[in-house]
Amino acid sequence: MLSLFPPRVYLYDLNIYKPPISFKLDQRAVIRTWQDSQFYTSELLEFQTRVFARSGLSPTETHLPPTLNPAYVGSDVRTDLEAADKECRMAVCGAVEGLFNKTGLNPADIDIVVTTCSIFCPTPSMASMVVNAFGLRRDIQSYHLGGMGCANGVVAVNVVADLLAAHPNSNALFVTTETLAPAFYFGTERHRLVTNLLFRMGAAAMLITNKPSLVQPAGPGRRGAKYQLLRRVRVHTGQSDDAYTAIHFSPDEEGKNGIYLGKNIVKEASRALSMAMTQIAPYVLTWQQLAEAGIDALRRRRTAAADRRRNRRRDDANIVNNSDGSNGDVSRSSGSGTSGVSGTSGKACVTAAAAAHDDTAAGFHTATASTNTGDASAPADKEPAAAASRSSSTAPPYKPNFQKSTVSHFLLHAGGAKVLDGLGEALQLDDTKLAPSRNVLHDYGNISSSTTWYTLACIETTQGVRRGERILQVGVGSGIKCGVNVWKALRNVHELHEGWSHRLTPEQRTALALRNQVDVAHGWYHVSLRAVFALLMVLLAASMHFLMLHRTATFTLVPWGRDSA
Numbered sequence: 135m136l137s138l139f140p141p142r143v144y145l146y147d148l149n150i151y152k153p154p155i156s157f158k159l160d161q162r163a164v165i166r167t168w169q170d171s172q173f174y175t176s177e178l179l180e181f182q183t184r185v186f187a188r189s190g191l192s193p194t195e196t197h198l199p200p201t202l203n204p205a206y207v208g209s210d211v212r213t214d215l216e217a218a219d220k221e222c223r224m225a226v227c228g229a230v231e232g233l234f235n236k237t238g239l240n241p242a243d244i245d246i247v248v249t250t251c252s253i254f255c256p257t258p259s260m261a262s263m264v265v266n267a268f269g270l271r272r273d274i275q276s277y278h279l280g281g282m283g284c285a286n287g288v289v290a291v292n293v294v295a296d297l298l299a300a301h302p303n304s305n306a307l308f309v310t311t312e313t314l315a316p317a318f319y320f321g322t323e324r325h326r327l328v329t330n331l332l333f334r335m336g337a338a339a340m341l342i343t344n345k346p347s348l349v350q351p352a353g354p355g356r357r358g359a360k361y362q363l364l365r366r367v368r369v370h371t372g373q374s375d376d377a378y379t380a381i382h383f384s385p386d387e388e389g390k391n392g393i394y395l396g397k398n399i400v401k402e403a404s405r406a407l408s409m410a411m412t413q414i415a416p417y418v419l420t421w422q423q424l425a426e427a428g429i430d431a432l433r434r435r436r437t438a439a440a441d442r443r444r445n446r447r448r449d450d451a452n453i454v455n456n457s458d459g460s461n462g463d464v465s466r467s468s469g470s471g472t473s474g475v476s477g478t479s480g481k482a483c484v485t486a487a488a489a490a491h492d493d494t495a496a497g498f499h500t501a502t503a504s505t506n507t508g509d510a511s512a513p514a515d516k517e518p519a520a521a522a523s524r525s526s527s528t529a530p531p532y533k534p535n536f537q538k539s540t541v542s543h544f545l546l547h548a549g550g551a552k553v554l555d556g557l558g559e560a561l562q563l564d565d566t567k568l569a570p571s572r573n574v575l576h577d578y579g580n581i582s583s584s585t586t587w588y589t590l591a592c593i594e595t596t597q598g599v600r601r602g603e604r605i606l607q608v609g610v611g612s613g614i615k616c617g618v619n620v621w622k623a624l625r626n627v628h629e630l631h632e633g634w635s636h637r638l639t640p641e642q643r644t645a646l647a648l649r650n651q652v653d654v655a656h657g658w659y660h661v662s663l664r665a666v667f668a669l670l671m672v673l674l675a676a677s678m679h680f681l682m683l684h685r686t687a688t689f690t691l692v693p694w695g696r697d698s699a
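When you line the sequence shown up against the working numbering, it's residues 135 to 699, in that order.
Please note that the accuracy of each hint is not assured.
[Said to hold, decoys possible] Keeping only pairs whose Cα atoms sit at most 30 Å apart, straight-line, the calculated BS3-like set for lysine-lysine is: (1) K345 - K401; (2) K552 - K158; (3) K236 - K397; (4) K236 - K158; (5) K622 - K533; (6) K538 - K622; (7) K158 - K220; (8) K236 - K622; (9) K533 - K158; (10) K533 - K401.
Just so you know, these hints were derived from the structure itself, not from any lab.
Using the sequences and the hints given, assemble the complete structure.
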């Protein structure tokens, strides 16, 4: 029997991979390598330098693996399968190992594994690599998602949630990464060179669960899940050729493979985002915003209905005028033996006339709006009314300000500076809400499907999340696909992620470390010691009270003895 209420899904914890410091990329060294190799023309050198300057990436903080990093290989980069496998294992296993150490869970506790990486799809799969590296159980449910693009860090949560719905009381390990070696472009086409400038090394591992023992643990020392998944929306606009071809991995004219980024990416991504936010908005807007949206919808519907009635009356008047002007011709033609307009042909003529008038009227209104001139024969008093009608019917629809919604934190895909600018403008967010996503882009670059998880780790480290606050997670990628998830914090979360420790002062790092030093493994002992100490204090207080009563009784009985003597 299917349950009417599917089991809830929770994010227990996450861990982001921080590459070694030696992997940091110095953009000045990259430019020198370009110049020494003499592979690029001066125009292409200028183009790449200009694009990077506007990208939002730090020239010294992002990371590249040794096989692509000029500090290790110069211009002799490696993109073979061995290099890709080494890079993938380093990032993925580093993220998963950190998650196990952080949560105190064992590999045997994992029931489901879902991995995602667009370009690098090895055999055996990346999910099998995780199973082998950590010795997961033989009955593990393992799946790898390839070719899904940057959005899959958000969209694939749907897959994980559906798998958990089919397997109650289970833990799912979700791993996101993008292996750079096979995606490196050796050509000179500008649309494909941009990916070499934006994409960087990274990976994230998340533990998503529906186990009651993890959501609300029985042991006093074990912490519960951090977030509950409230809503999830996914939109795919791949039916359109423009959207489908906006981002793709393919060879150029010389046969060199690379990721193509079209000029219409922002346009198509905005269209997909608009569709997704339309579905999610009713669940995150305030009551006031919902009322404003409803009033605007009613106003626009009434305006559209009034415009239709006005157009019908105008069409009928034109048809009557045309029929009056042609009476003489009809009568003369009838006198010469030809019949007048019949009922069927009259309907056809009316339909044709109405259609022609609609086209003419539309063109007239457009021309009027652009040239601000009107028909000299039209009554002057009707022009203001017509102008008001046109302005009300063409007014932009209600655009909610998500800065004022019920959402407290935003996890936006840091694909580039322009992408973040477009997302911020569409959602009407200020710099404070965009700051965590911009920090990800600046310090780590475009890390594909992992970007939003790095943003969440940044917020947990630098700002903290309070219990009950809502988090909006937005991912956009090839397809074009757009995913939106809404999470709710189940407890206060303010902890140190090693990947963001460089954003804190030494004092702040120490304070966060002390706050979270009671970990999962030793929490029971700390609580037990506290209970024993409290019991000792109660016994001590009782003893002191008994001694005070005994001394009072002694002082009171002594005088009575003297009087009796």
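Right, here's what the structure says about each hint:
About 41 Å separates the Cα atoms of K345 and K401, which puts this hinted pair outside 30 Å; it is violated. Pair hint K552 plus K158 holds up; C-alpha atoms about 24 Å apart against a cutoff of 30 Å. Pair hint K236 plus K397 does not hold up; C-alpha atoms about 42 Å apart against a cutoff of 30 Å. A C-alpha spacing of about 25 Å is found between K236 and K158, which places the hinted pair at or below 30 Å, so the restraint holds.
Distance hint between K622 and K533 is fulfilled; the C-alpha atoms sit about 24 Å from each other, no more than 30 Å. Pair hint K538 plus K622 holds up; C-alpha atoms about 17 Å apart against a cutoff of 30 Å. Distance check on the hinted pair: K158 and K220 sit about 17 Å apart at the alpha-carbon level, within 30 Å; holds. A C-alpha spacing of about 21 Å is found between K236 and K622, which places the hinted pair at or below 30 Å, so the restraint holds.
Using a Cα cut-off of 30 Å, the hinted pair K533 and K158 is violated, with the two alpha carbons roughly 41 Å apart. A hinted pair counts as satisfied when its Cα atoms are at most 30 Å apart, and K533 with K401 qualifies at roughly 17 Å.
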